[in-house]
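Below, each chain spelled out in residue letters.
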Amino acid sequence: MDVVPGEALMLVGGNGAGKTTLLRLMAGLLKPNRGTIHYSGAVGMVAHHTMMYDALTARENLTFFGRLHGLPRDGRVDRLIDLLGLTHARDQRIATYSRGMLQRLAIARALLHEPDVLLLDEPLTGLDDAASHTVLDVIDELKRRGAALVIASHQLVELIGAVARVGYMVAGRLAALEPIAGLDAGGVVSRYRELVAGDG
Amino acid sequence: MTRRDRAVRAARRGAVVTGIALVGLAAVYVRALMFTPIERTQGPAQKIFYVHAPVAWAALLAFTVCGLLSLLYLIMRERKFDLMAAASAEVGTALAVVMLTTGPLWGKPIWGTWWTWDARLTSTLFTFLLFVGYLVLRGALSDFDVRARFSAVLGVMALVLVPFIHVTVYWFRTLHPDPVVLKPEGPSLPSVMLVTLLTSIGVCTVLYIGLVMQRYSLAVLQDIREEEEAGGGIP
Amino acid sequence: MGELLRVTAAIARKDLKVEWRTKTAFVSSLVFAVLVLAVLYFARDKTSVGDYDLAPGALWVTFTFAGMLGLNRAFLLERENRALDGLRLTPTTPTALFLGKVVGNLVFLGVVELVSLPLFILFYDVPIWRQLPVLLGVVALATVGYVAVGTLLSAMVVRTRFSEVMLPVLLLPFLVPPIVSAVQLTWRILALRPLSEMTGWLSLLAAFDVIFFTLSLLLFEAILVE
Chain A
1 MDVVPGEALM LVGGNGAGKT TLLRLMAGLL KPNRGTIHYS GAVGMVAHHT MMYDALTARE
61 NLTFFGRLHG LPRDGRVDRL IDLLGLTHAR DQRIATYSRG MLQRLAIARA LLHEPDVLLL
121 DEPLTGLDDA ASHTVLDVID ELKRRGAALV IASHQLVELI GAVARVGYMV AGRLAALEPI
181 AGLDAGGVVS RYRELVAGDG
Chain B
1 MTRRDRAVRA ARRGAVVTGI ALVGLAAVYV RALMFTPIER TQGPAQKIFY VHAPVAWAAL
61 LAFTVCGLLS LLYLIMRERK FDLMAAASAE VGTALAVVML TTGPLWGKPI WGTWWTWDAR
121 LTSTLFTFLL FVGYLVLRGA LSDFDVRARF SAVLGVMALV LVPFIHVTVY WFRTLHPDPV
181 VLKPEGPSLP SVMLVTLLTS IGVCTVLYIG LVMQRYSLAV LQDIREEEEA GGGIP
Chain C
1 MGELLRVTAA IARKDLKVEW RTKTAFVSSL VFAVLVLAVL YFARDKTSVG DYDLAPGALW
61 VTFTFAGMLG LNRAFLLERE NRALDGLRLT PTTPTALFLG KVVGNLVFLG VVELVSLPLF
121 ILFYDVPIWR QLPVLLGVVA LATVGYVAVG TLLSAMVVRT RFSEVMLPVL LLPFLVPPIV
181 SAVQLTWRIL ALRPLSEMTG WLSLLAAFDV IFFTLSLLLF EAILVE
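Residue numbers (my numbering), protein chains in the order written: chain A, 1 to 200; chain B, 1 to 235; chain C, 1 to 226.
Hints in this document: simulated from the structure, not taken from any laboratory.
For every residue, glycine included, the Cβ atom is placed at its ideal position computed from N, Cα and C.
Be a bit skeptical, because a hint or two may be false.
[To be verified] Some chain A residues near chain C, calculated using beta-carbon distances under 7 Å: (1) Met52; (2) Tyr53; (3) Thr63; (4) Phe64; (5) Arg67; (6) Leu71; (7) Leu136.
Let the sequences and hints guide you as you build the complete structure.
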């Protein structure tokens, strides 16, 4: 499996199919038992948990992670906060944030070190329409800037327009990796069912 | 031969070894009680020494082996080292319990108290507590990989700690009878008693080996069954 | 090297900032320290046990147990929101993480100790002022060894269900060399004994610190990898 700059790849599969595991492997959080992963650039990840500290503010959290990456203090923290629409709350402790705000902050954190690949695990779950829109806009912007995206999600309808390829995960394996080829959400589901039937 | 067959064979052999050791232990007992003279100053109670000291030795051996196997596991990451270390720790804990109960049984008639905080008793008590901590930690972790790594770390730390504890407690107080065998001038036990003691040490070592073989085989069989239940093979 | 220092400092500072905002562990430790000191003070019989005999033990029992309350918070923090994953996604090395946590714990424990010390002086009539620098040196030395091992063990123990109980169970044997040495040294310092009587215990304490700090640092990586 490979990822292409400027393109979004979507992973689909039932619960327990292995989407999260695959993303964690790609992020380097898990070590593979067999095989190798080749990186040609930096990787960022957005997952279900924010991976940040409730007692700190958005700015403090981002500044902290920036320091860990060794990033210069060039105002990127504030720029990212603005980009994700969190300026009004940047000095509030993130314990007070809504789910949508947390998700956007998590994206900001993942983008801090300007990764070439961004992994997103269920990025739209629990978001209202406005927040979803913001995230989709960010995804488009990132593609335009040449990042490669891998998105694992159940929400086919919202995301289908943004992806170029679909990876079908069945029972812990990548059963197929195919271009979207004009399929809509329903088409993807049918294809998935085909593959599950073929596997069983 | 499959892994299971090898484990079953090792278990049988272990049982044989243990059996031999137990027979040997009985023989040592007979010798100790009937054929070895009564020690002048301590009286018949001194005979507990023939059990207490060798068991203490075996417990210390178990502890050291556990620590070394832990280090091996950390370096080589092979499952078997973890299972062996755990087996050694369990056997060692059992031996330590015997040691800690025979100690006071020996001590009461001779020193008049069940327990004193002297160097060697206290050191062995802490060794026992480290063993228990090791087993408790293992019991609290269900993921094999995490459990193996964490207990290996603890095993290595504990191994390095024991000399420190010994020095600390020794400087603090000393009441234990002076070493009668491991003295620079050579053993000061009369040869009859020495033979009994050394035989007992040998028998206890064999007992340790047999018990570890059995426990380890059991652990391997358990491991095999868990793998089968999980429905996948672990390479 | 500069990167190591930067990351270590960032982690320590973050830990202290979070703790300062919530203050729960800190207040608990302090209250606990006061309670232990007070109970030990009132529970003894003044006519049979002198200040010099009880004071060193009381001081170190207080520090030991109050300290244990603070050790677990360092890694419990990283469990919330899976923050540890976030750290692992950065170029932070296990060494930097370990050192950062150790520094955070040292500051935490140091503050608890410094606040308990005046109380200790209040309760026990011992000539502490003259000996304060030496005493502080011994306290620092013992605390370093304690925190190094405690940080490693707490990283393991937070993954278990009863971490608050597991930590003392695993840690206490490791505290025998440093704490016994510290008590022996404290006693001799307060009793104004000559330095020659202290060199043995000092070397034991120093050896323990060096060996176990290094060992904990080296073994920490094995705990982090998933």
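Hints, one by one, checked against the model:
The interface hint given for Met52 (chain A) holds, since its Cβ lies 6 Å from the closest Cβ of chain C, which is under the 7 Å cut-off. The restraint placing Tyr53 (chain A) at the interface with chain C holds, with a minimum CB-CB distance near 6 Å, inside the 7 Å limit. Below 7 Å, beta-carbon pairs count as interface contacts, and Thr63 (chain A) has none with chain C, the closest being about 9 Å; its hint is therefore violated. Interface hint status for Phe64 (chain A): upheld, as the beta-carbon distance to the closest one in chain C is roughly 5 Å, under 7 Å.
Interface restraint check for Arg67 (chain A): the shortest CB-CB distance to chain C comes to about 4 Å, inside 7 Å, so the restraint holds. Of the supplied interface hints, the one on Leu71 (chain A) is violated, with its beta-carbon coming no nearer than about 10 Å to a beta-carbon of chain C, more than 7 Å. The restraint placing Leu136 (chain A) at the interface with chain C is violated, with a minimum CB-CB distance near 23 Å, outside the 7 Å limit.
Hint compliance for this structure: hints 3, 6, 7 are broken, all remaining hints hold.
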